[in-house]
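Reading the sequence shown from the start, the letters are residues 1 to 113 in my numbering.
These are calculated hints, taken from the structure and not from any lab test. These numbers come from a predicted model, not from an experiment. Just to be clear, a hint being listed does not mean it is correct.
Label pairs and their computed distance ranges (CB to CB) [unchecked claim]: (1) Gly106 x Ser74: 17 to 23 Å; (2) Lys84 x Glu18: 26 to 32 Å; (3) Arg30 x Ser50: 34 to 40 Å; (4) Ser74 x Asp111: 30 to 36 Å; (5) Asp47 x Leu73: 33 to 39 Å; (6) Lys108 x Glu39: 34 to 40 Å.
Every residue gets a Cβ at the ideal spot worked out from N, C-alpha and C, and that includes glycine.
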Amino acid sequence: MITVYHNARCKKSREGLELVKNSGKEYQIREYLKEPLSEEELSKLLDKLSFYPMQLIRTNEKIWKEEYKNKDLSDKELITVMVKNPKLIERPIVETPNTAVVGRPGSKIEDIL
Numbered sequence: 001m002i003t004v005y006h007n008a009r010c011k012k013s014r015e016g017l018e019l020v021k022n023s024g025k026e027y028q029i030r031e032y033l034k035e036p037l038s039e040e041e042l043s044k045l046l047d048k049l050s051f052y053p054m055q056l057i058r059t060n061e062k063i064w065k066e067e068y069k070n071k072d073l074s075d076k077e078l079i080t081v082m083v084k085n086p087k088l089i090e091r092p093i094v095e096t097p098n099t100a101v102v103g104r105p106g107s108k109i110e111d112i113l
């Protein structure tokens, strides 16, 4: 099963979801702003992405700039920050049973489908 971590207000996320829909493969949508990930779920997703937590953070978001930008945070602390503030998580993320990608550009999504 494919999971799309989706933010309906984001154009890139909508484009990524469209690519998954057009693939004809079975998928589910997780609107992670409405149903935030747990620290364990986010850690597993980071492993599948082969990302360090900082690579998944949207550093241009206002909350990042105002509250976290100049702090020296550990990976565990960064995961906690993303769980508390899911808006900071890069999007869209498409996860398959074996791998995951951030769909920027959309061709990354096509590559795993």
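Comparing the hints with the structure gives:
{"no.": "1", "hint": "Gly106 x Ser74: 17 to 23 Å", "in the structure": "violated, 32 Å"}
{"no.": "2", "hint": "Lys84 x Glu18: 26 to 32 Å", "in the structure": "holds, 30 Å"}
{"no.": "3", "hint": "Arg30 x Ser50: 34 to 40 Å", "in the structure": "violated, 20 Å"}
{"no.": "4", "hint": "Ser74 x Asp111: 30 to 36 Å", "in the structure": "holds, 31 Å"}
{"no.": "5", "hint": "Asp47 x Leu73: 33 to 39 Å", "in the structure": "violated, 19 Å"}
{"no.": "6", "hint": "Lys108 x Glu39: 34 to 40 Å", "in the structure": "violated, 25 Å"}
Checked against the numbered hints given earlier, the structure breaks hints 1, 3, 5 and 6 and satisfies all the rest.
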